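*Asks:* Line order of the protein sequences matches chains A and B. Number 79 in this note's numbering belongs to position 79 of the first sequence; there are no gaps in the numbering. Number 303 in this note's numbering belongs to position 303 of the second sequence; there are no gaps in the numbering.
It is worth saying that the hints were derived from the structure and are not from the lab. A hint or two may mislead.
Put simply, identical chains are the same to the list, so a pair is met inside one copy or across any two.
What the hints assert, rightly or not - EDC-like, lysine to aspartate or glutamate: derived pairs with alpha carbons at most 16 Å apart:
{"#": "1", "residue 1": "LYS240", "residue 2": "ASP105"}
{"#": "2", "residue 1": "LYS273", "residue 2": "ASP290"}
{"#": "3", "residue 1": "LYS171", "residue 2": "ASP283"}
{"#": "4", "residue 1": "LYS273", "residue 2": "GLU317"}
{"#": "5", "residue 1": "LYS273", "residue 2": "ASP316"}
Predicted model, so just to flag it, every value in this text is computed and none were measured.
Number of protein chains: 2
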Amino acid sequence: MQSVYAIIMAGGAGTRFWPASRRARPKQLLPLASDPKQSLIAATVRRLAPLIPKERVYVATGAHLLEATAAELPDVPRGQLLAEPVPRNTAPCIGWASRVIEARDPDALIAVFPSDHHIADEAAFRATLEKALETGAAAGYLTTIGITYVAGKKHLWNAGMFFFRAGVMRKAIEAHLPDLATGLAQIAEGGEVDRIFPTLPSVSIDHGVMEKASPLAVIKGDFGWSDVGGWQSAWELAPKDAQGNALPEGALAIEAQRNMVRDMRGADVGMRKKVIALVGVSDLVVVETDDALVVVPRDRSHEVRAVVDALKARGDESLI
Amino acid sequence: MQSVYAIIMAGGAGTRFWPASRRARPKQLLPLASDPKQSLIAATVRRLAPLIPKERVYVATGAHLLEATAAELPDVPRGQLLAEPVPRNTAPCIGWASRVIEARDPDALIAVFPSDHHIADEAAFRATLEKALETGAAAGYLTTIGITYVAGKKHLWNAGMFFFRAGVMRKAIEAHLPDLATGLAQIAEGGEVDRIFPTLPSVSIDHGVMEKASPLAVIKGDFGWSDVGGWQSAWELAPKDAQGNALPEGALAIEAQRNMVRDMRGADVGMRKKVIALVGVSDLVVVETDDALVVVPRDRSHEVRAVVDALKARGDESLI
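Chain A extracted, bound-state conformation (with noise of 0.2 Å):
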């Protein structure tokens, strides 16, 4: 088999976990899953170690966040981090880095995944992706992978990740996407990224290219996938106490069930003690960071936007 390389897509934005999140520090930033020390991206490089060395990971995220996305993947070569000028969607973000891979190794296989995603059953997940690279990429097939649902199993779901060799995705963006395919090559040519991304069409890959190509190869996967989508989600993949409270170290939760506490303040006073208390309360969501604090029902907590569109309001650009 050709030598596989992976894309981390990691130019996410999002509001759902501030005051954790900000424009500065996405959820793929932080350590949103069970491991309170993890960052999602470095999870997400961790996991595919074992058949996608570093050495063969590239990185797309927004110019803002390459910075501190290097400080969180130290042992990524550098040169392999692609900083996108302005955000334009999954399309030219994986056109541009499977151009870039095939210009290094035309032969390559090329697996797309989202930073920001949560998988349990890691084990599981590899065979899964050495199916969909052995029996769809290789093969010639545009591959994604369905998620069983749980449910009933009549739906896969579309978790974001994508196979294919290089050269068939660059064929399939000229088939469907000329536009982007004409922006591609003359980046590839050596036209300037700063220049040449931001004309690029802001459109999905989905949408774009997987809607359209035919056939297409669809790999069932079951692997305790979970798109993090917010702090109930991450309330439900951390680790927790008899009472069902996820507490940082030295927390105290007292006659308090089910709560979700994360102290997310940053080294400068991180590192001061500083114990957080509950009493009497179930089922709230409560984060601490140096500049905010917030308390909200873990069935309410994708409401923490409403807090974001008021500090936007007022004017309040630091916080968001």
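Chain B: place on chain A using the hints.
*Replies:* The following block gives chain B in isolation, referenced to the frame of chain A:
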């Protein structure tokens, strides 16, 4: 009328306002009533000023609280802060301070006040004091104020305020607490406070003197008195928004009702901007300090004592 002197009793400890209150920073040193910038003890001295100038205000506190108390009362002459080496309840406290005042002014009229209460109607309060001093203390009675109960008004509530001529209290202690009288006389004759004070009997002025003295003058008072007994009480006294939330400046409450939020971080980090946001929660108390954060339902806020007990149990003395 003779000159009026005040004794402010400021030895209080207690855990009902944890994490804001600590051994080294008890309730009276905190801004827990309607003015978020004035400590209860500073408010106590301020509201007396039209009747009793600071030159005649004495403050009895614990030795370990002397510096912090002085910092809250910069205009009270330092020599009028009396440091009790150990707590010995209110009779030794009042007895000692009264002897100090009597030595300065044998005709002194003395008014004793707790340092950690709130009074809403200060004009009515001062009118009651004048009556207590003129018709009670000046006439030779041990005098107290009976707070009229709003509901039913069948009881009078002893609010810990006492009024007397210096010599009358000295003689009452000689009559009812001879051991205490002996110790106080030794101190008055130049005995070392640090040696003698710990030998004094620990007894309250109510039990040791007032209950035994007869006749006793009781002046009825109705001036919006509160002993600020806990966070519930502090919430009742605090300015609130239209949804009943008592919030620090800049805090956000979205679909949140009747919450109490206090940001009591110290000046070192308190100058850092921090937004506290509540979303979809009601009737909570949220208190943040430099080294602790507590979240508790308002009607269970007295249970923060359990946190203090838990911290003690695990040896976390610095947080108590």
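*Asks:* Should LYS171 paired with ASP283 be assigned to within, between, both, or neither, using CA atoms and 16 Å as the limit?
*Replies:* neither (50 Å within a copy, 60 Å between copies)
*Asks:* Is the C-alpha distance from LYS273 to ASP290 at most 16 Å within one copy, between copies, in both cases, or in neither?
*Replies:* Both: 13 Å inside a chain and 9 Å across chains, each within 16 Å.
*Asks:* Using 16 Å as the alpha-carbon threshold, which applies to LYS240 and ASP105: within, between, both, or neither?
*Replies:* neither (45 Å within a copy, 66 Å between copies)
*Asks:* Using 16 Å as the alpha carbon limit, work out where LYS273 and ASP316 are close: within a copy, between copies, both or neither.
*Replies:* between (28 Å within a copy, 11 Å between copies)
*Asks:* Go through the copies and call it for LYS273 and GLU317: within, between, both or neither, with a Cα cutoff of 16 Å.
*Replies:* Close across copies (12 Å), not inside one copy (28 Å); limit 16 Å.
Hint compliance for this structure: hints 1, 3 are not met, and every other hint is.
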